[in-house]
Every structure is written in structure tokens, then in C-alpha cells.
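Participant: Using the sequences and the hints, build the whole thing.
Chain order of the listed sequences is A and B. According to numbering that gives the first Met the number 0, the first sequence is numbered sequentially starting from 0. According to numbering that gives the first Met the number 0, the second sequence is numbered sequentially starting from 0.
Do not rely on the hints blindly, as some may be mistaken.
[Stated by the list, open to error] In silico SDA-like links for lysine to any residue, alpha-carbon gap of 20 Å or less:
hint, chain 1, residue 1, chain 2, residue 2
1, B, Lys-231, A, Gly-255
2, A, Lys-148, B, Trp-229
3, B, Lys-117, A, Glu-126
4, A, Lys-117, B, Gln-228
5, A, Lys-121, B, Glu-126
6, B, Lys-170, A, Asn-152
7, B, Lys-117, A, Thr-161
8, A, Lys-148, B, Arg-162
9, A, Lys-207, B, Pro-82
10, A, Lys-207, B, Asn-80
11, B, Lys-85, A, Gly-255
12, A, Lys-121, B, Gly-127
13, B, Lys-121, A, Phe-109
14, B, Lys-207, A, Pro-82
15, B, Lys-148, A, Phe-142
16, B, Lys-148, A, Arg-162
17, A, Lys-121, B, Trp-229
18, B, Lys-121, A, Glu-332
19, B, Lys-121, A, Asn-80
20, A, Lys-148, B, Thr-161
21, B, Lys-148, A, Thr-161
22, A, Lys-121, B, Pro-82
23, A, Lys-231, B, Lys-121
24, A, Lys-85, B, Gln-203
25, B, Lys-121, A, Gln-203
26, A, Lys-231, B, Asn-80
27, B, Lys-121, A, Glu-123
28, B, Lys-117, A, Trp-229
29, B, Lys-207, A, Asn-80
30, A, Lys-117, B, Ala-221
31, B, Lys-121, A, Arg-124
32, B, Lys-148, A, Glu-144
33, A, Lys-117, B, Arg-122
34, A, Lys-148, B, Thr-159
No lab work stands behind these hints: they were computed from the structure. Quick caveat: nothing in here was measured; it's all calculated off a predicted structure.
2 protein chains.
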Amino acid sequence: MKLNIALLAGDGIGPEVIDQAVKVCDAIANKYKHEITWKPALTGAAAIDAVGEPYPDETHEICANADAVLFGAIGHPRFDNDPSAKVRPEQGLLKMRQKLGLFANVRPTFTFPSLIDKSPLKRERIEGTDLIILRELTGGIYFGERGRKDDGNTAFDTMTYTRGEIQRLAKKGFEMAMTRSKRLCCVDKANVLESSRLWRETVQAMEKEYPEVEVSYEFVDATAMRLVQWPKGYDVIITENLFGDILTDEASVISGSMGLMPSASVGSKVSLYEPIHGSYPQAAGKDIANPLATVLSAAMLFEDFDLKLEAEDIRRVVNKSLAEGIVTEDLAEDGKSYRTSEVGDWLAKNI
Amino acid sequence: MKLNIALLAGDGIGPEVIDQAVKVCDAIANKYKHEITWKPALTGAAAIDAVGEPYPDETHEICANADAVLFGAIGHPRFDNDPSAKVRPEQGLLKMRQKLGLFANVRPTFTFPSLIDKSPLKRERIEGTDLIILRELTGGIYFGERGRKDDGNTAFDTMTYTRGEIQRLAKKGFEMAMTRSKRLCCVDKANVLESSRLWRETVQAMEKEYPEVEVSYEFVDATAMRLVQWPKGYDVIITENLFGDILTDEASVISGSMGLMPSASVGSKVSLYEPIHGSYPQAAGKDIANPLATVLSAAMLFEDFDLKLEAEDIRRVVNKSLAEGIVTEDLAEDGKSYRTSEVGDWLAKNI
Ligand SMILES: [Mg+2]
Ligand SMILES: [Mg+2]
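Facilitator: Here it is, written out as C-alpha cells:
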């Protein structure tokens with residue numbers, strides 16, 4: 000198969016972890032006789048520095064014409080504590096999601112047997128957890144009208160949803176639940192918010208199209224509790240953008256394997272694959288960042304092109320590296336740790 | 000001291016847990032020669048059933064003229080799955096907070112040595128946790144303009160904050176931090192939301208008035224992670240209404256003692272004291288609900304009237320009941336459990 004993959008390394012540790020995923024993908028291409036053409040493009044703070052825009056038009060052209068996008072991370076701390084900054088790296092992320100129509104973020108939370116004791120939760124609480132949070136990604140308060148009034152002394156943001164946006168996301172959730180344990184949980188704040196009531200009534204109306212799926216409804220604050228108490232209770236969770244932002248990050252730490260969690264952002268034409276961790280600027284350039292989440296994101300990419308053998312091969316070699324202790328310092332138990340580039344080399348060699 | 004206390008039992012288990020707090024307060028009044036006049040009033044679903052309003056004017060009159068309000072819980076499941084319901088119990092809560100000007104919710108999270116193994120978190124993660132979340136309670140998206148457009152197919156909610164609202168809450172946070180470990184964390188989503196940027200710039204401008212307080216800033220999704228990973232890292236957290244709703248509930252389960260956590264809602268004239276747990280309708284009327292959070296909320300009430308001996312006496316008797324196993328079924332280890340009313344009787348007798 001020929002694959003054109005847009006390569007957006009981004010900021011912080013992005014370039015380093017992306018490099019390892021490229022090594023692994025190239026090894027896969029070599030072994031299975033695929034032809035991958037990498038199309039590097041600028042994004043985030045790196046793009047602001049180069050062309051003054053966190054998601055430049057040239058980058059969008061490359062992504063829109065690619066078969067898939069492999070993405071590192073964006074964000075730089077010099078923007079965080081500067082409320083006056085006009086252009087922010089994260090705006091690139093939002094713009095990219097919107098322009099590529101990436102309407103759903105797929106975030107699995109599962110455990111690795113060898114890493115389960117790294118979880119902050121007790122083993123009996125977390126063992127066997129296998130859930131997916133499907134977060135709406137192009138609507139809600141991150142994209143609604145915002146601004147200031149009263150000489151800057153009043154600020155507002157608007158959370159808006161249309162029935163169509165909710166249906167599109169929920170449909171994906173129902174379909175996903177059908178391939179799994181057939182349990183869907185819609186998370187909202189329907190006891191207060193009008194947009195949440197639209198979510199709930201829309202999902203309720205769709206229930207009859209999926210009679211096999213058992214649907215439940217929870218308030219977001221209750222879910223924030225239950226994810227810590229009984230994560231095993233969930234199969235597929237669907238929720239709006241801001242709630243999903245908070246809950247996916249909370250879910251990411253309960254497995255104890257945050258550095259390993261991949262994700263996909265699904266669009267109607269092109270999908271994007273990225274590690275869930277951020278740009279981790281403190282570690283940038285030190286060759287110490289864990290590349291496994293990016294490597295596992297590449298496995299999700301292959302799987303979506305129905306290259307299941309290739310995806311399995313990547314997962315096998317990742318598991319092997321964990322079992323043999325070929326890991327970066329965040330996962331090293333007493334023993335030796337390896338550099339980011341060494342882990343990437345080892346993975347590629349063992350494909 | 001003479002105390003007029005408005006007594007809002009509310010829905011579900013509210014009346015039962017309130018009854019036990021009244022017994023304990025009456026025992027305190029008797030022992031320390033105070034005169035408590037209880038002023039019962041309707042709220043929540045109970046008030047909707049009786050007068051069609053979840054926070055009737057008569058109830059507000061009683062609260063506004065009381066020295067303090069002791070509150071149970073409100074909410075009834077028959078409203079949750081009915082998006083068409085025009086009047087909801089929770090609207091009573093919002094209306095009460097607004098009309099009484101309860102602008103800050105004080106939510107401590109701490110551990111009880113005898114209950115620490117009930118935490119879903121590993122002992123080393125949670126032991127020693129002692130944090131307070133100060134949640135803004137009368138602004139933000141729960142009170143902003145909301146509605147429908149396009150024949151009901153688009154719904155919106157508005158998150159609005161003024162500089163004054165933020166200053167009032169932050170001032171309380173700085174003052175609270177000064178009496179504790181002098182660390183304040185402002186939680187927002189300033190990388191995306193305009194209202195969050197107003198939060199951040201307002202708190203940043205106040206830093207110089209409290210030079211001893213070490214201030215940090217975090218994004219809400221990061222805090223949702225870190226509360227599970229390293230709750231000991233926090234001292235006082237200040238945040239807006241919706242974020243606070245989610246984070247306080249998440250924080251409530253990490254100690255393993257959710258059924259015991261009290262809270263206060265601070266107003267300029269009158270404050271309200273309530274357990275953090277909800278109305279727990281499944282347990283209503285069964286005499287099995289844990290009354291300790293309500294009893295400990297009464298302790299916070301006495302403390303705010305500078306009746307420290309009385310507050311200490313209540314905490315002493317609660318700890319004694321835990322140590323001696325005079326507990327409801329949620330806390331019973333193998334052994335015997337007691338009914339709600341039996342625990343209340345025992346506490347009152349031991350004052
Ligand atoms: Mg996030
Ligand atoms: Mg809540």
C-alpha cells in the first residue's frame with residue numbers, strides 16, 4: 000500500500016517522539032512492502048516562530064491531501080502565563096481540528112499487565128479496565144463566541160451545540176459500543192445546562208436505532224468521581240468537548256500508563272493519530288521522553304487502513320520492549336533506562 | 000449564645016441525616032447552655048410537590064433572617080431523565096445560592112486514619128492529604144444566559160465572569176491560604192477561554208497584596224489528573240463554578256471518606272452548612288444513610304460562630320464513633336452496622 004502521511008512533530012518533545020514512530024513505521028513499510036511518503040509540516044509554537052501562525056495554510060494543504068496525519072504535541076510555556084499573547088500554539092490545535100473536520104477524539108484507557116502497579120489506584124480498582132472516551136472535538140465552548148465587555152472587566156464564552164453535531168458524535172459512539180460490550184454512557188450536565196439537555200434528548204431519540212446497546216446517562220461531576228472509584232464500570236463514554244477534555248485527562252492517569260496511551264481524532268476525510276501526552280517542554284531536547292504512545296498511535300493508524308498484521312506487529316514489539324526493560328527513565332524499575340532514540344532504534348530493529 | 004438556624008432537610012436522605020445533626024446540636028446546646036431555635040423550611044422536590052417551587056419565597060425569608068442555614072440534600076431522579084420538566088429541584092439550589100449571595104463553596108478533602116484503606120488510591124498517594132477547594136458559586140455557565148435557537152435544534156449556555164466576582168472569590172482564597180500552608184493554586188482553562196484569561200489576569204494582579212502566598216496556575220484538565228496522582232501537592236485551590244463542581248466531586252472520593260465530608264457555602268450575611276453527598280434517593284426512608292457529613296457540617300457551623308469547643312466536641316464524638324464501630328453500613332467492616340437514627344442517638348448521648 001502507498002501511504003502519504005503528513006508528519007506534524009510540533010513542539011517540546013514532539014519532534015523526538017515522532018522520530019521514533021517514523022523509524023518504526025519505516026521498518027514496518029520495509030517488512031510488509033508498503034511505501035510511506037512522509038510529508039513534514041510546521042505547527043504549534045514552532046510554526047508561530049517560523050511564520051507567525053500555529054496552523055499555517057501550507058500545513059493544512061499537506062494534511063488535507065494526506066491519507067493520514069501523524070502528530071506529536073504542541074504548546075509552549077512562554078504563552079501560558081502571558082494573558083496578552085495574541086497568538087497561541089493551542090489555537091493551532093483548535094484550528095486544525097476545525098479545518099480538517101476532526102469531530103471525534105477517540106481515547107482508550109486500558110492497562111498493561113507489567114505496568115499496573117504504577118497506577119495511583121489500587122490494583123483491584125484498575126485491573127481489567129478497558130474503556131473508550133469519545134470526545135466531541137469541534138463544537139462547544141472552545142469554539143463558541145467569546146469576548147470582553149465593560150472595558151475588559153467582563154469576559155464570556157459560549158457553549159453551543161446543534162442536534163446534528165450531537166448525532167454525528169453519538170452515532171460513532173453507538174457503532175463503537177456495538178463492536179465492544181454494547182454499553183454506552185452519555186455524560187452531560189443536563190440538570191443545569193441547556194446544551195446538555197439537547198445532548199440528552201438527542202441521544203435518547205437515537206436509542207431505538209440501536210436496541211442492543213444499553214444506554215446510561217450521567218452528570219459530568221458524577222463521572223469524574225466514578226472514573227476514580229470504578230473505572231471498570233465503563234465501556235464507551237460519549238461527551239461534549241470541555242467535559243471530554245477534563246475526563247479524558249483524568250482517565251489517562253488512572254491506568255498508570257499515561258505515557259503509553261495513543262489516540263485518534265476522526266474526521267470525515269482524514270484522521271489524525273497522536274499520543275495523549277503533551278509537549279512536556281521540560282524534557283525537550285534531552286532524548287528522555289517516552290515514545291511508546293506515539294508508536295502505538297501509529298499502530299492505530301495502520302489498523303484504520305485495515306493493516307491489522309502491521310498494527311499487531313507494532314503492539315507486539317512494544318510489549319516486548321516493556322517485558323525486556325528497554326524503556327525510557329519514566330518506566331525504568333531500579334534497573335537501566337534507555338534514551339528515546341535508543342528505544343526507537345530497538346523497536347525498529349525488532350519489527 | 001442564641002442561634003436561629005434555618006433547617007432545610009430537602010429530598011431523599013436529607014431529612015434523615017438532618018435529624019441526626021439536630022440531635023447532636025441539641026445535645027451541644029444543652030451541654031454548653033446555648034439556645035438553638037430551629038426554623039424548618041421546604042426546598043427541592045419536596046417544595047415542588049408542596050408549592051410548585053424548589054426554593055419558595057417563604058423558605059428564602061426564613062434563611063435570610065436566620066443566623067445560619069443547615070441543609071440536607073436535594074434532587075429527585077424523576078426529573079433527571081425528563082428533559083421536558085420545567086421546574087427542577089436543582090434550580091432551587093442555584094436560586095438559593097444566588098438569593099442568599101452564597102458566592103463561595105468551601106470543600107475540604109482530608110483523610111481519617113481509620114478509613115484510609117477505603118480510598119481507591121494507594122495509601123502512599125492519599126495519606127496526609129489536606130486540601131481545600133474554594134469553588135465560585137454564583138457566576139459562570141450555571142447562571143449565564145441560555146436557550147434554544149433554530150426550532151430547538153441549537154442550544155447554548157454562556158459562561159460569564161466579572162473582575163469583581165473573581166476578586167471576591169480569590170480574596171477568600173488568599174486569606175484561607177494565609178491560615179494554612181500559604182500555597183494557592185488558581186485552576187482555569189486560560190489557554191482557550193476568555194473568562195479563564197480574566198480569572199488568571201485578575202489573580203495575577205492580586206499576588207502582590209499577599210507576598211507570602213506562593214501562587215500557581217493550572218489548567219483544569221491537568222488538575223483533574225493531578226488530584227488523582229498527587230493530591231498532597233495541593234493546599235488551597237480556587238476555581239470557577241463548573242470546574243469547581245467537577246473537581247470537588249472528584250476530590251471527594253479520593254479520601255475514601257466521601258460520606259463524611261462536610262462543606263460550607265459562604266455568603267456576605269448568612270452561611271450555609273451541608274454534607275457534600277447528594278440526596279441518594281435509593282436509600283431514602285431506609286434509615287441506612289451515613290449522617291456524619293451532616294454532623295461534621297454542623298461542627299463547621301459552630302466554628303464559624305467562634306464556638307470552637309463545641310466544634311471540637313462534635314469532631315471528638317465522631318472520631319469516637321468511628322473508632323468504636325458505631326457506624327452505618329457503608330463503613331461497617333465485617334462487623335455490625337447501625338441505623339442512621341442509632342448513630343445519631345449514640346453521638347448525641349456521647350456529647
Ligand atoms: Mg486536555
Ligand atoms: Mg457536583
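Participant: Each hint should be assessed against the structure and marked as holding or not.
Facilitator: Against the structure, the hints come out as follows:
1. Lys-231/B with Gly-255/A: holds, 18 Å
2. Lys-148/A with Trp-229/B: violated, 38 Å
3. Lys-117/B with Glu-126/A: Since the Cα atoms of Lys-117/B and Glu-126/A sit roughly 17 Å apart, the hinted pair holds (cutoff 20 Å).
4. Lys-117/A with Gln-228/B: holds, 10 Å
5. Lys-121/A with Glu-126/B: holds, 14 Å
6. Lys-170/B with Asn-152/A: Measuring from Cα to Cα gives roughly 17 Å; hence the hint holds.
7. Lys-117/B with Thr-161/A: violated, 42 Å
8. Lys-148/A with Arg-162/B: holds, 11 Å
9. Lys-207/A with Pro-82/B: With a Cα-Cα distance of about 17 Å, the restraint between Lys-207/A and Pro-82/B holds, given a limit of 20 Å.
10. Lys-207/A with Asn-80/B: holds, 16 Å
11. Lys-85/B with Gly-255/A: violated, 44 Å
12. Lys-121/A with Gly-127/B: The given pair, whose Cα atoms are some 17 Å apart, holds under the 20 Å limit.
13. Lys-121/B with Phe-109/A: Holds: Lys-121/B and Phe-109/A sit about 19 Å apart, inside 20 Å.
14. Lys-207/B with Pro-82/A: holds, 17 Å
15. Lys-148/B with Phe-142/A: The hint holds at about 17 Å.
16. Lys-148/B with Arg-162/A: holds, 11 Å
17. Lys-121/A with Trp-229/B: holds, 14 Å
18. Lys-121/B with Glu-332/A: At roughly 18 Å apart (the allowed maximum being 20 Å), Glu-332/A and Lys-121/B satisfy the hint.
19. Lys-121/B with Asn-80/A: violated, 33 Å
20. Lys-148/A with Thr-161/B: The hint holds at about 9 Å.
21. Lys-148/B with Thr-161/A: It holds: about 9 Å lies between the C-alpha atoms, which stays within 20 Å.
22. Lys-121/A with Pro-82/B: Judged against 20 Å, a Cα distance of about 38 Å means the pair is violated.
23. Lys-231/A with Lys-121/B: holds, 17 Å
24. Lys-85/A with Gln-203/B: Distance of about 18 Å is within 20 Å: holds.
25. Lys-121/B with Gln-203/A: Given that 20 Å is the threshold and the Cα spacing comes to 38 Å, the pair is violated.
26. Lys-231/A with Asn-80/B: violated, 24 Å
27. Lys-121/B with Glu-123/A: With a Cα-Cα distance of about 11 Å, the restraint between Lys-121/B and Glu-123/A holds, given a limit of 20 Å.
28. Lys-117/B with Trp-229/A: Roughly 13 Å separates the two Cα atoms, so the pair holds.
29. Lys-207/B with Asn-80/A: holds, 16 Å
30. Lys-117/A with Ala-221/B: holds, 18 Å
31. Lys-121/B with Arg-124/A: holds, 10 Å
32. Lys-148/B with Glu-144/A: holds, 15 Å
33. Lys-117/A with Arg-122/B: Status holds; Cα separation ~13 Å.
34. Lys-148/A with Thr-159/B: Holds - the C-alpha atoms of Thr-159/B and Lys-148/A are around 10 Å apart, at most 20 Å.
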